[in-house]
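All chains, please: the whole structure from these sequences, using the hints.
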Amino acid sequence: MKGSLLLILLFLSGIVLAYTNILPAQWVTHYNMTHWALLALIFCVGFTIGSDREIWQKFKNLDRRVIILPLLTMIGTLSGGLCASTLLPYSTSDTLAISSGYAYYSLSSIIITDYRGAELGTIALLCNIFRELFVLLLAPILVRYFGKLALISAGGATTMDTTLPIITRYCGRDIAILSVFHAFVVDLSVPFWVTFFCTL
Amino acid sequence: MLSVITCMISGILLGFIFRKKRFRLMGRLVTPFVCILLFVMGIEVGGDPELIRSLPTLGGVALFIALCVTLGSLICAGLWERYLKKHPKP
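Going down the list, the sequences are from chains G and X. The numbering of the first sequence is the working numbering, which starts it at 1 and goes up by one. The numbering of the second sequence is the working numbering, which starts it at 1 and goes up by one.
Hints in this document: simulated from the structure, not taken from any laboratory. None of the values given here were measured: they were computed from a predicted structure. Accuracy of the hints is not assured; some may be wrong.
[What the hints assert, rightly or not] Chain G stretches covered by chain X per the calculated footprint, using a threshold of three residues with CB under 8 Å from any CB of chain X:
hint	region
1	44 to 50
2	54 to 66
3	77 to 85
4	115 to 126
5	131 to 144
6	158 to 169
Note that CB positions come from ideal geometry on N, CA and C, so glycine has one too.
Structure below.
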């Protein structure tokens with residue numbers, strides 16, 4: 001919990017510092033710092049997975065039936081999106097297109113801006129950033145009340161990059177390979193789902 | 001996405017090759033990198049004035065959809081985990 005508070009604080013201070021121009025955002029976007037930080041992070045996580053001698057054994061001991069997790073993520077996400085659309089002034093296909101970003105905000109918002117304009121694109125961007133932040137910042141609470149598989153599912157397409165270290169911390173390393181597999185499947189499905197709902 | 005996968009696979013391979021050396025450093029670097037990532041993510045969001053300006057109007061809608069989809073997937077996967085625990089494989 002203390003770690004999550006630190007992350008919230010860092011995220012908010014980043015926003016404030018950039019917005020007030022104390023820290024110009026150009027150097028971040030120009031050098032693509034988020035991308036490099038992500039790659040460094042992924043390399044370290046990969047290294048710890050590779051050097052863990054028991055990890056394959058742990059993975060083999062997992063119940064085989066967890067393999068359908070990506071499917072459950074899609075079912076859960078789209079039903080959540082369907083519920084949301086009944087209370088929103090946007091069409092069902094629009095809401096489902098936004099939902100099927102699965103926290104992969106960069107790609108989904110680009111596709112949606114392309115098909116449906118800037119307003120929905122911005123909502124998609126914000127919505128999927130929020131989803132990623134929920135997992136990054138609330139992981140310990142989510143694991144306690146919903147379980148380990150649920151945390152991976154909530155992470156959507158990000159469970160092999162940004163949210164992977166958080167997931168391995170709160171769910172254990174034996175679930176890391178499942179997390180990577182989950183993100184891989186969901187990731188590949190994002191362009192398909194988003195374009196599908198945009199062209200409906 | 002390709003660069004992410006390349007980085008992960010090369011990390012796993014190097015980790016596997018050097019598994020006997022017991023590099024503790026890599027595991028310790030993860031938390032600082034998560035902190036850096038969140039900080040630069042914040043800077044990127046804060047440095048986009050249009051995004052910040054649209055927060056009051058579009059942010060609520062986005063937050064609502066995000067809550068619904070996250071809860072949906074949490075419940076769906078949570079129920080499956082509960083089912084698996086109740087019916088363990090023989």
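For each hint, the structure was consulted:
no., hint, in the structure
1, 44 to 50, "holds (count 7)"
2, 54 to 66, "holds (count 4)"
3, 77 to 85, "holds (count 7)"
4, 115 to 126, "holds (count 6)"
5, 131 to 144, "holds (count 5)"
6, 158 to 169, "holds (count 5)"
Consistency note: the structure conflicts with none of the earlier hints.
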